[in-house]
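Asks: Here's the letter readout for the chains.
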Amino acid sequence: MNILVCVKRVPDIGARIDLTEDRQAITTKNLGFCISPHEECAVEEAIQLVEKHGGQATVLTLGPADAEEQLRDCLARGIDRGILIETDQPEWDSRETATALAEVIRSEADKEPFDLILFGNESADSTGCQVGIRVAHHLNLPCVASVKKLQIGDGDATASREVDTGWEVFSLPMPALITVKEGINLPRYPSLRGTMKAKKKPVDRLSADKIGASLKMQQLVHPPEQKKEVDMLGEGSAAASRIVEVFKALEVI
Amino acid sequence: MSQFPKQAKVVIIGAGIVGNCVAGHLAERGWKNMVLIDKGPLPNPGGSTGHASNFIFPVDNGKPLTQLTMDSKRQYGELGVERICGGIEVARTEASVADTKRRIASSKCWGIDSQLLDVDGCVELFPWLNRDKIKGGFYTPSVSVVDSLRAGTIMREKAQDMGALSVFANTEVLDVDVEDGKIKGVKTDRGDIEAEYVIICCGVWSPRIGEMAGVQIPLAPVVHQMIDAGPIPQLAHVKGEIGYPIIRDMSVKMYERQTSGTMEVGSYAHRSILIDPDDIPSNEQAKLSPTELPFTSEDFEPQLEDALELMPELLDNDKVEIQYAINGLISLTPDGEPLIGETPEVKNLWVAAAIWIKEGPGAARMLAEWMTDGAPELDPNHVDIARFYPYAGTKKFVWDRATEGFPKLYDIVHPHEQYLDSRNIRLSPFHSRTKELGAVYFETAGWERPQWYESNKTLLEEYADRLVERTNEWDSRWWSPIIDAENIALRERVAMTDLSAFTIFDIVGPGALDVVQKVAVSQMDNKVGKACYTLLLNHKGGIRSDLIIARTGKDSFRVITGGGHGSVDKKWFSDHLPEDGTVQLHDQTSALGTVGVWGPSARDLLESVTDDDISNEDFPYATVKKFRIKDIPVWALRMSYVGEYGWELYTNAEHGPKLWDILWEAGQKYRVVPVGIGVYGTNARLEKSFRLFGNELDTEYNPVEAGMALPRVKAQDFIGKEAYLKARDEDPTTLLCTLTVDDHTDSKGEKRYMVGNFPVLTEDGESIVDAKGRPAYVASCGYGAVVGKYILMAYLPPEYAKAGNKLKVEYFCEHFPVTVDIVGAAPLYDPKHERLKG
Amino acid sequence: MILGVIEYEQSTMTELSLQMVTFGRDLAEKSGDEFVGLIIGASDNAPLIGELGRYGVAKVITAAHENLKDYAPVAWANTISQVIDQTQAKMVMAPGSDQGNEVMAHLAARSDLPMATNCAAVSADDLSRITRLRWGSSLMEEAILTGDCKLITIAPFVVEAAEGASHAEPAEESFEPTLSDQDIQVRLIRKEPDETEGITLKNASVVVGGGRGVGSPEAYSVLEELAKLLGGAVGCSRVATNNGWRPHSDQVGLTGTRISPELYIACGISGAIQHLVGCKGAGKIMVINKDPEAAFFGKADYGVIGDLHEVLPAIIEELKAQGV
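Chains as they are written, first to last, in UniProt numbering: chain A, 1 to 253; chain B, 1 to 838; chain C, 1 to 324.
Treat the hints loosely; a few may be bogus.
What the hints assert, rightly or not - Cβ-Cβ distance ranges computed for the label pairs, FRET-style:
id	chain 1	residue 1	chain 2	residue 2	range
1	B	243	A	27	35 to 45 Å
2	B	301	C	212	28 to 38 Å
3	B	323	A	227	31 to 41 Å
4	A	51	C	11	35 to 45 Å
Stated by the list, open to error - Over the 10 Å line for every Cβ pair with chain B, so calculated as not near, a few chain C residues:
id	residue
5	14
6	45
7	121
8	176
Stated by the list, open to error - Computed footprint of chain C on chain A, listed as stretches where at least three residues anywhere in the stretch have a Cβ under 8 Å from a Cβ of chain C:
id	segment
9	84–96
10	166–175
11	204–217
Derived by calculation from the structure, the hints in this document are not laboratory data. Everything numeric in this text was worked out from a predicted model, so none of it was measured. The C-beta atom is built at its ideal place from N, Cα and C for all residues, glycine as well.
Chain A extracted, bound-state conformation (with noise of 0.2 Å):
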């Protein structure tokens, strides 16, 4: 199988975001990056179905020259090769990102078509839930999103993911793209051999045009503090007969 992940750098979070002063980005300093939870997923899921199927993964990131970090760690993971589109400019719009994707995409699949492109859900940072889907209707590809499950057969592949009662069951030809969330298997860290072995692996840097933002950030601010008035019920286990009076209050018991 040939595959393609695409996955984003982001800043990896504390407890509390601090803006910049013209309130257009977070306050990295001090921060490391990472990319999102249902990335790692996206990253470990194309690992183990080469381990299972064979063939080579590729990652492709769009971000600045430092997303070779990134790329780095996935490298280090296990997939072969990585691709970064460098970017100068700090955000691209969903819109704008699956454009710039979907045209280095093609031209790699021109060279060897790819089986499966996967992506996470969204992203940690923005939160867009579209650019795989996007991407795969630039590319023409079958797209389910938010899989947990997923199995590789003859020529299709059957995708799950969760609702609220079960579990939804989609089948789809191959080649196919695939946005998957946390939970569809737990990511590997980066082995001592697996981080040596990267630093050897190739990593080809392309541009992209900018073809314009359509969903125009202005300014990022934090939401409003909701205190509630917490009703402290005691220390230690002198506690457990109020704890228990409030199950009965709430008709839990």
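Place chains B and C on chain A using the hints.
Replies: Frame of chain A, contents of chains B and C only:
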């Protein structure tokens, strides 16, 4: 939660290992009404304690850190949070093997059991070492892993249980109140607390809190990278946290520490990465904790390779993943030693910072004893925060030194090794002249001091038959045979030595005599013009300094002390000035330049340039006098640390070059030689058995042991008198001796000339320990070129301290025979001091 | 007009759909637009129309086609696209669920329009001015959404579902889109019930969650015991999943399960944003933590300061003593 207090006796800022232990130790010593605050949550507020590797290798080449570490280990053991696992420092290179041998010697100096291992020995203890990569190792069985968070919690809760302490987490200090140079309290985001004492135990944040009080706390937060790799199948069976020795891979500056089924790999090999305290994220901003910064993998890559190489069986496995990786923050000071003590700038503001897990409880005990008794049990000289001069508090200096110092943390550091950056910060008025003469400068307290002069190379030929060749690279590193030649020339001709690094201050005012009388052991109520070499003692009778005090007037005294310790001495005198301001301390260090003119021709030289009477009768030994050298006014002191007739000539800094030129020109007739500190501080003073503070003298020894008890004890009271009187009545448990090396030849036939500290052993090669548990070690050593012997100074228990006694010293795992030449103060050279006194 | 794409499960509107309808209805009222519900492919439209009526929706379009029998994202998107063409809708909104986001993304892609997911507010004066949630709800982005027709999804739990002030008898308009087999290339082939029977995180009325403070996989047994006594389920934080203490299916949070029990008992969980997003739907939250400063207390209805390893056994004992 209890009410936030408005007043406290003591506010301790920082609830890491240090702050918690300080609280516990102070409570044990009866302190009450203490408040401990931290801006983070408990039990892990997010400082460096929280991410520490928590292993303790007791051996350090330096005594101060080793002692703090040994004390901390003892305390961790008593708290029940220590697990002994042993540790091996493996050596990959011959240089590293050699250093291993040196560390064995260090360990014996400080009384720590250790063994040299061959490759088999290493592999036996840690089966997965790559035999092809190592040449041997240094095994310390007492290496342990501790639970520092638990230890801190126990100490804190102990203080709470005693009713001595209240604790407020998530409380940030906003400002520190100081009034008239004295601490008043702290402002926090929960309210203000008035306090009599404030103690800063804030680790990497300490400089920021210090700044609030206008106090310099010279440390830089630096990154130390570490990763956790696992799960490792071979370690799956290990029950509990640690089951194998910790490996230090010194040649590549790394360690590997097994934790349950994983290996922690830590590195000190990467570039120096410094973080501004203001840039450290808050607990809320940080992903992990404020001191666990994002891992920068590119910095770690070479180390990954090294780790894989050392333990391929364990680590070179696709299933062994990097589960955790951080750029952990630790504190580093300009000289690598901790910062403990009261700040010189603000009264009752104390600091215990730049302290690692291995030193935490020991440092806390030291601080608590110091605050309670006025002096700690262990010598605080090398860790005293007051040791730094103002220049050392600048961020540029601290950062440059930390940048240069970080790679040394796991490196082989020669005892005389010099910093290369941040030099030329303090230059003597004679600097341009000494530079012309090819001075090779060593740095002390920022001063550039000529260690020897390349222009004296010609002396090598002249004295060729009296010099010894050092073939060993280690023994001759940071050294030149010119030093030995200068030593001979000094005693045959006349020498000029730049001594401008002295710290000089005047004590002036109606009660000046009382002040000096109070701090000095010697009688200070002398005639005006009399100079006196005296010891200063701490409250427990230990030697806290030695210096010269000259009476310059009825109510004025001049204190002259070494630059290295001058800042601490200045604080000590300042601390004992009357509060009413009637006695003042005037620092003259920068106003004056000092040149020593000594040697058989010194008087002839000086008489040729002055019209004043400087005869032995008119200007006897141990006096001071003002006179003129041609058109330059000088203030002169008739004393000599090199044991020759002569003077220390002090002049206003602006006259410095001229004074030098006059002496130099006139000196040509007497074949004057410029002589460096190599002679002044080592060769010549060892020939005279003169003690050096910080080497032979520290607070752990008293004047009786040091052979420096005076014939009579002055009637006036002075600090440490009671203990001093007691020591005089008791039989000493150790005595400072001068020894010489009988044979320098090692087992390979090479002659070794020792440097650094190394143990003194019995003739059978057994360790020697005195009745108070202090091992015998060489505190100073150097070649006495005139006496033609390699001289060592060491404290020995009375049964060994006998002239003529044959002993051994251990150096790089080889034993060399030595003889005890002198017990007590007498010197090998000019025992009656005839040349000195004239 | 503003079009709301209704998401339903067995002829009942989903909770998120009700929230979206509430949001859209109120917005339309302020902006002076008509809010129209769009039901696609329902086998029985009547109950849904009735429900929309209670929520004050006056007009409903029901789209039916053979290719809409099973959910197929492209067919759904194509249908909406044709409805837009016909109705000239200014704005289309869907709930910010997996399905809602998916359908709208397909619609946006095929129409080459921008789309704003996870919206928390839309300006009634200017529908292009939207506020959307980012970073798992910890930040909001104010943005201008271009395009003739504004495509948005509504972030979960930004409004509480509320019936309309007056109930309406919605006018029903049926619509038959033109769809090809290409549109159902990807479609739902079957539904599978949860493998776990009985009480699950998603349907439990009480969830007992454990985080870093639990300390080990074994230590969850006390949480399990309490959950059993209360007829609830055990959940966990992302730390617990990443440490391998609990399966991902137990994870409450942004990247795990979003729960909506009557009572959520959070034990030894600090209250990271990632986790708070997942339990926003809980009726009441009780936090048990030994750190009195834990951020979670600020979001809780009830708080207990103490070590969960002491508090939970005490609760269990108390419950047993009272014969529960």
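Asks: Are any of the numbered hints broken by this structure? If so, which, sorted upward?
Replies: none
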